Each structure stands twice: as C-alpha cells, then as structure tokens.
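One line per chain: the protein sequences are A and B, in this order.
Residue numbering for the first sequence follows my numbering, beginning at 1 and increasing consecutively.
Residue numbering for the second sequence follows my numbering, beginning at 115 and increasing consecutively.
If you're looking for bench data, these hints aren't it; they were derived computationally from the structure.
Using 30 Å as the maximum straight-line C-alpha spacing, the simulated DSS-like pairs for lysine-lysine come out as follows:
id : chain 1 : residue 1 : chain 2 : residue 2
1  : A       : Lys65     : A       : Lys7
2  : B       : Lys183    : B       : Lys211
3  : B       : Lys211    : B       : Lys117
4  : A       : Lys65     : B       : Lys211
5  : B       : Lys117    : A       : Lys65
6  : B       : Lys117    : B       : Lys183
7  : B       : Lys211    : A       : Lys7
So, partial list: chain A residues that the calculated Cβ filter (under 10 Å) puts toward chain B:
id : residue
8  : Met31
9  : Gln37
10 : Thr44
11 : Trp96
12 : Gln107
Quantities reported herein were computed from a predicted structural model and do not represent experimental measurements.
Glycine included, each C-beta is placed from N, C-alpha and C at the ideal position.
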Amino acid sequence: SAVISQKPSRDICQRGTSLTIQCQVDSQVTMMFWYRQQPGQSLTLIATANQGSEATYESGFVIDKFPISRPNLTFSTLTVSNMSPEDSSIYLCSVWPRDNTEAFFGQGTRLTVV
Amino acid sequence: DAKTTQPNSMESNEEEPVHLPCNHSTISGTDYIHWYRQLPSQGPEYVIHGLTSNVNNRMASLAIAEDRKSSTLILHRATLRDAAVYYCILRGVNDYKLSFGAGTTVTVRA
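Take the sequences, apply the hints, and build the full model.
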C-alpha cells in the first residue's frame with residue numbers, strides 16, 4: 001500500500017498568481033500521476049510525473065501551465081501557473097506502487113481562484 | 115481507450131444489496147475491469163478488480179459476464195458509508211493511467 005500526503009489541502013488564490021501543490025508518498029514508487037477534478041465532474045489525468053525526466057502530459061495539458069517536478073521516488077510537485085477562475089478544481093496526486101494491483105490517491109487539493 | 119457505460123445514479127436502502135452495472139462492449143482480451151469509489155471530499159479508493167472470473171473481497175463482489183462485455187459490482191449490505199461515486203474502469207495490462215468516466219452516484223437511505 002501507499003499513504004499519500006498532499007499539501008495544501010485547500011487554498012484560495014488570486015487570478016494571475018501560481019500555486020505549487022506538494023505530494024509526498026511514504027514509500028518509493030515509480031508510477032506517479034496528477035489528476036484534475038473540476039466541480040461536479042469526474043477525474044481527468046493531467047500528466048505522469050517521471051523521476052529524473054520531464055513529465056508526460058495528456059492532451060490538453062501543457063508544461064507551461066502545469067509544470068511538474070519529480071526530484072525523487074517519493075515526492076512530486078504540481079504548479080498551476082497564471083491561474084484563472086477556470087482553474088478552480090480539485091487536484092489529486094496518485095501513485096501505483098510496483099507489484100500492486102491498485103492505485104492510491106491523495107485526499108486532493110481544493111483550489112479556488114478568485 | 116475502451117469505454118465504459120454506467121447509470122448516472124442508483125438509490126438503495128441501508129442493509130440491502132446494491133448491484134451496480136457496467137457495460138464495456140469494446141473491452142479487449144487483456145483489459146482488467148477495475149472499480150474505484152470516491153467518497154465525498156476524498157480521493158478515489160480501490161474497491162475491486164477482475165479479469166474473467168468473479169471476484170470477492172471484504173468490500174464487494176464483482177460479477178463478470180461470460181463474454182466480458184459487462185460486469186456488476188455488488189455491495190452485499192449497503193451502509194451509509196457506502197454512499198459515493200463508483201467508477202468502472204478498464205485497464206490494459208501494462209497501463210497504469212486510469213481513465214475515469216462519469217461513474218454512478220450511489221445514495222443510501224437510512
């Protein structure tokens with residue numbers, strides 16, 4: 001199993017600013033992902049956070065808007081840059097430990113942009 | 115990605131079973147059927163998964179049709195804590211990225 005800690009749990013930010021979300025895992029994992037959940041919607045994959053190399057982004061998401069760092073196998077950050085109200089969402093970190101049959105998710109970061 | 119179709123919502127009474135259907139007619143031979151649920155204000159959590167045979171665990175049972183084009187998640191005795199959005203997801207054998215559909219919102223009446 002894996003226990004994920006996300007910080008902050010929630011924040012209210014001004015438009016035009018940036019917020020960095022941290023994801024800390026209690027064990028080393030290769031597979032780490034960032035998801036977005038817009039209000040009332042399902043989860044959408046933003047990117048795969050690769051350790052030691054650039055993240056792999058899904059269609060519709062770009063590095064300039066959502067830069068991701070993955071300095072080691074237990075930690076990653078997602079930055080939401082130049083925020084607008086449309087970025088108001090819950091952002092979730094997820095990991096898939098080796099030899100596991102399931103993914104684990106953090107509690108999410110609830111972001112409100114005003 | 116192979117897609118799944120689920121009802122938008124289902125209601126159940128406490129202590130009664132809940133049967134959540136999922137259609138996945140385009141499933142490939144190596145796709146696993148995964149179920150996750152998302153309780154209010156929490157991240158998704160794993161419920162159960164299967165490939166061809168029916169599966170049971172402490173949370174639920176998964177019944178898979180013989181042609182694998184549909185499956186049913188069974189909560190044997192619903193409790194208020196089971197109120198959540200339940201997602202049926204197909205996953206390729208070497209694919210660790212989960213594609214979430216709209217899911218089924220389960221309401222449990224006391």
